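S.K.: Next come the chains, spelled out residue by residue.
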Amino acid sequence: MNFNYRLYRAIKNRLFTILIVLSAVVVLGPLFMVIKYVFVQGASSLNLSFFTELPKPVGEIGGGMKHAILGTIYIVLLGALIAVPIGVTCGVYLNEFRKSKLSKTLRLTVDLMSGIPSIVIGIFAYLMVVVPLKSFSALAGGVALSIIMLPIIVKTSEEILKLVPDHIREAGLALGLPRWKVILFIILKGSVSNLLTGIILAISRAAGETAPLLFTAFGNMYLSFNMREPMATLPVQIYTYAISPFKDWQRQAWAGAFVLMVLILTLNLFARFVLTKIKDKKGY
Amino acid sequence: MSNSKNSDKIILEAKNLEAWFGDFQAVKGINVQYTERTITAIIGPSGCGKSTYLRCLNRIHEEIEGTRVSGEVLLEGKNIYDKKIDVVDVRKRIGMVFQKPNPFPSLSILDNVVIGLRLQGITKRSTLMEVAESCLKKAALWDEVKDKLNSLGTSLSGGQQQRLCIARALAINPPVLLMDEPTSALDPIATAKIEELMDEIKRDYTVIIVTHNMQQAARISDYTSFFVYGKMIEHGLSSDIFTNPREKQTEDYISGRFG
Ligand SMILES: Nc1ncnc2c1ncn2[C@@H]1O[C@H](COP(=O)(O)OP(=O)(O)OP(=O)(O)O)[C@@H](O)[C@H]1O
Ligand SMILES: [Mg+2]
Numbered sequence: 423m424n425f426n427y428r429l430y431r432a433i434k435n436r437l438f439t440i441l442i443v444l445s446a447v448v449v450l451g452p453l454f455m456v457i458k459y460v461f462v463q464g465a466s467s468l469n470l471s472f473f474t475e476l477p478k479p480v481g482e483i484g485g486g487m488k489h490a491i492l493g494t495i496y497i498v499l500l501g502a503l504i505a506v507p508i509g510v511t512c513g514v515y516l517n518e519f520r521k522s523k524l525s526k527t528l529r530l531t532v533d534l535m536s537g538i539p540s541i542v543i544g545i546f547a548y549l550m551v552v553v554p555l556k557s558f559s560a561l562a563g564g565v566a567l568s569i570i571m572l573p574i575i576v577k578t579s580e581e582i583l584k585l586v587p588d589h590i591r592e593a594g595l596a597l598g599l600p601r602w603k604v605i606l607f608i609i610l611k612g613s614v615s616n617l618l619t620g621i622i623l624a625i626s627r628a629a630g631e632t633a634p635l636l637f638t639a640f641g642n643m644y645l646s647f648n649m650r651e652p653m654a655t656l657p658v659q660i661y662t663y664a665i666s667p668f669k670d671w672q673r674q675a676w677a678g679a680f681v682l683m684v685l686i687l688t689l690n691l692f693a694r695f696v697l698t699k700i701k702d703k704k705g706y
Numbered sequence: 002m003s004n005s006k007n008s009d010k011i012i013l014e015a016k017n018l019e020a021w022f023g024d025f026q027a028v029k030g031i032n033v034q035y036t037e038r039t040i041t042a043i044i045g046p047s048g049c050g051k052s053t054y055l056r057c058l059n060r061i062h063e064e065i066e067g068t069r070v071s072g073e074v075l076l077e078g079k080n081i082y083d084k085k086i087d088v089v090d091v092r093k094r095i096g097m098v099f100q101k102p103n104p105f106p107s108l109s110i111l112d113n114v115v116i117g118l119r120l121q122g123i124t125k126r127s128t129l130m131e132v133a134e135s136c137l138k139k140a141a142l143w144d145e146v147k148d149k150l151n152s153l154g155t156s157l158s159g160g161q162q163q164r165l166c167i168a169r170a171l172a173i174n175p176p177v178l179l180m181d182e183p184t185s186a187l188d189p190i191a192t193a194k195i196e197e198l199m200d201e202i203k204r205d206y207t208v209i210i211v212t213h214n215m216q217q218a219a220r221i222s223d224y225t226s227f228f229v230y231g232k233m234i235e236h237g238l239s240s241d242i243f244t245n246p247r248e249k250q251t252e253d254y255i256s257g258r259f260g
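Protein sequence lines correspond, in order, to chains D and C. Heads up: the first sequence begins at 423 in this note's numbering, then just goes up one per residue. Heads up: the second sequence begins at 2 in this note's numbering, then just goes up one per residue.
Just so you know, the hints here were simulated from the structure itself, not pulled from any lab data. The structure presented is a predicted model; accordingly, all values stated were derived computationally and were not measured. Check before you lean on any hint, since a few could be wrong.
As the list claims (entries may be wrong) - Below, in silico cross-link-like pairs of lysine-lysine (BS3-like), each with a Cα-Cα straight-line distance of 25 Å or less:
{"no.": "1", "chain 1": "D", "residue 1": "K521", "chain 2": "C", "residue 2": "K84"}
{"no.": "2", "chain 1": "C", "residue 1": "K101", "chain 2": "D", "residue 2": "K584"}
{"no.": "3", "chain 1": "D", "residue 1": "K611", "chain 2": "C", "residue 2": "K149"}
{"no.": "4", "chain 1": "C", "residue 1": "K101", "chain 2": "D", "residue 2": "K611"}
{"no.": "5", "chain 1": "C", "residue 1": "K149", "chain 2": "D", "residue 2": "K699"}
{"no.": "6", "chain 1": "D", "residue 1": "K603", "chain 2": "C", "residue 2": "K84"}
What the hints assert, rightly or not - Not close to chain D: a few residues of chain C, all C-beta gaps over 12 Å, as computed:
{"no.": "7", "residue": "I11"}
{"no.": "8", "residue": "E14"}
{"no.": "9", "residue": "N32"}
{"no.": "10", "residue": "R56"}
{"no.": "11", "residue": "E77"}
{"no.": "12", "residue": "D83"}
{"no.": "13", "residue": "K84"}
{"no.": "14", "residue": "R126"}
{"no.": "15", "residue": "S127"}
{"no.": "16", "residue": "S185"}
{"no.": "17", "residue": "A191"}
{"no.": "18", "residue": "L198"}
{"no.": "19", "residue": "E201"}
{"no.": "20", "residue": "K203"}
{"no.": "21", "residue": "D205"}
{"no.": "22", "residue": "G237"}
The beta-carbon is built from N, C-alpha and C at its ideal position, and this holds for glycine as well.
Next comes chain D alone, as it looks inside the complex (with noise of 0.2 Å):
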């Protein structure tokens, strides 16, 4: 009776065991065969003028993708400069006046944000921003690549900021220091690399994003570094390539998802690791 117990117990431990190894195994699987399957096609069509060199016209083999990698940090970076000081004056805002109807509001309305689908946010930034410039353009890309970072910044900035006891704004406001000087030079300046963590994890949901992008930085052929004009993109040069009939191109698109998916994973493992270290050394 038991010895029969015991056994009952052993076999129902090592079932579920064995369930809990194989969601682990369902869920990594995927994830593994991606990274593994990008990583051969991509490394073996990789070269070094793949990032030296412009595309070369139809037809002829060779070229790389310079332009397109430029242009995505070049991008990526804009879309930055425009989400992150509004993100963070938000996330700053929420966390400071928790209750008041506007930070409700606000709430609701960054929540819906990242909710809407990224094809969306590029027609929103195409009649914003191509429509009345008339033309494609580099802006326009930033400007949809940061409505997609901005309700990832907000949320993050407001957690993080919601970590920092309040005893520590207590003893700034003691001091006889106005409450803007507390939250920016103690506050924040205590919470950077946790803000940075948010921010580069928010850059990197964005930079891999292609919809939003084809209709507004559209993409070119040569490497231009002008704000109003189309601009080149990693995901988007993926996609024209890897739909494009020429064997040429479409190794190249497997080397542009190489080298997008290894940009995406450093910046994430660098926000992750690195950062979290000197966080825990410093601040709360």
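Chain D is already provided as a structure; the job is to place chain C with the ligands on it using the hints.
M.R.: Okay, now just chain C with the ligands, sitting in the frame of chain D:
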């Protein structure tokens, strides 16, 4: 301590001061005057509202959500709860050492002490260093930290952190200093140094200190207030309160039969 006063000027005064946390009233109808350059001790059982009362005197109580204050606090005759008064200015002139040590986690020991001044626009390094050294010396912390001024403030022990907070409050040089159990986490030597400090700064400052240590209250203070359940049961010269209290409750508490 001596009861000799340099002047009889009233610097701080509470008039029918009351404070709430939501519906719970923690401070009830306090009326009291504080003479310039004196030390007043506040004693009373745990939870009787000493901290809350102190936090009303520099308008920090209102920082907690859902709290309320009524009545007046007059600083040199002006009500600090008046709408026209700038709360920042009030807090600059009424410094505070909190019950729990709360150094700024992201700042070094040095920066913790001088941040108040720096953010007020004083950036000259030599001036800041001078202030830091003198304040850390007054707070009896200098010898322990002089070789690691750039380490984080939070790397110090609890008692050291509390002395750091004392130095931080002194750096602003406020005429009135509120101290909430500043020595409760300190060893006898550091406590003696802080008491020495209070005796010294009394020449320039007015100090209101919460303490659970009767001997300390008797030793350092000119006046003592006794609180129970948010009410001020008795207030008077410490020499009277500790030898000849008017109220039975006070006597019981002092002699350890209460609270
Ligand atoms: N944040 C808060 N919210 C609600 N009630 C509170 C809060 N802080 C304190 N109180 C209540 O207010 C009363 C007074 O608290 P206070 O901290 O002023 O006591 P105290 O006399 O300083 O006690 P101690 O000697 O233990 O420090 C207590 O009954 C406490 O429960
Ligand atoms: Mg207390």
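S.K.: Evaluate each hint against the coordinates.
M.R.: Results of checking the hints against the structure:
1. Annotation: proposed proximity of K521 of chain D to K84 of chain C holds, straight-line Cα distance about 23 Å (limit 25 Å).
2. Distance check on the hinted pair: K101 of chain C and K584 of chain D sit about 20 Å apart at the alpha-carbon level, within 25 Å; holds.
3. This hinted pair checks out: K611 of chain D and K149 of chain C have alpha carbons roughly 21 Å apart, not beyond 25 Å.
4. Distance hint between K101 of chain C and K611 of chain D is fulfilled; the C-alpha atoms sit about 22 Å from each other, no more than 25 Å.
5. Annotation: proposed proximity of K149 of chain C to K699 of chain D holds, straight-line Cα distance about 22 Å (limit 25 Å).
6. Only pairs whose Cα atoms come within 25 Å are accepted, and K603 of chain D paired with K84 of chain C is accepted, the gap being roughly 21 Å.
7. Remark: the non-interface label on I11 of chain C is consistent with the geometry, its nearest Cβ contact in chain D lying 22 Å away (cut-off 12 Å).
8. Every beta carbon of chain D lies more than 12 Å from that of E14 of chain C, the smallest distance being close to 20 Å; the non-interface claim holds.
9. With a least CB separation of 24 Å from chain D, N32 of chain C remains clear of the 12 Å interface cut-off, as annotated.
10. Interface exclusion of R56 of chain C from chain D breaks down, the closest Cβ pair being 8 Å apart, not more than 12 Å.
11. At roughly 16 Å, the least C-beta separation between E77 of chain C and chain D is larger than 12 Å, which holds for a residue marked as non-interface.
12. Distance check for D83 of chain C against chain D: the nearest CB is about 17 Å away, which clears 12 Å, and the non-interface claim stands.
13. Listed as outside the interface, K84 of chain C is consistent with that label: its C-beta sits roughly 17 Å from the nearest C-beta of chain D, beyond the 12 Å cut-off.
14. R126 of chain C, annotated as away from the interface, keeps every beta carbon of chain D farther than 12 Å; the closest lies near 17 Å.
15. Its beta-carbon lying about 21 Å from the closest one in chain D, S127 of chain C satisfies the requirement of being farther than 12 Å from that chain.
16. Separation of S185 of chain C from chain D is adequate, the least Cβ-Cβ distance of about 16 Å exceeding the 12 Å criterion.
17. No Cβ of chain D approaches the Cβ of A191 of chain C within 12 Å, the least distance being about 20 Å, so the stated non-interface status holds.
18. For L198 of chain C, the non-interface assignment is confirmed: its Cβ lies about 19 Å from the closest Cβ of chain D, beyond the 12 Å cut-off.
19. Its beta-carbon lying about 22 Å from the closest one in chain D, E201 of chain C satisfies the requirement of being farther than 12 Å from that chain.
20. No Cβ of chain D comes within 12 Å of the Cβ of K203 of chain C; the nearest lies about 21 Å off, and the non-interface call holds.
21. Here D205 of chain C stays apart from chain D, with its beta-carbon at least about 17 Å from theirs, past the 12 Å limit.
22. Every C-beta of chain D lies more than 12 Å from that of G237 of chain C, the closest at about 29 Å, which supports listing it as non-interface.
Hint compliance for this structure: hint 10 is the single one not met.
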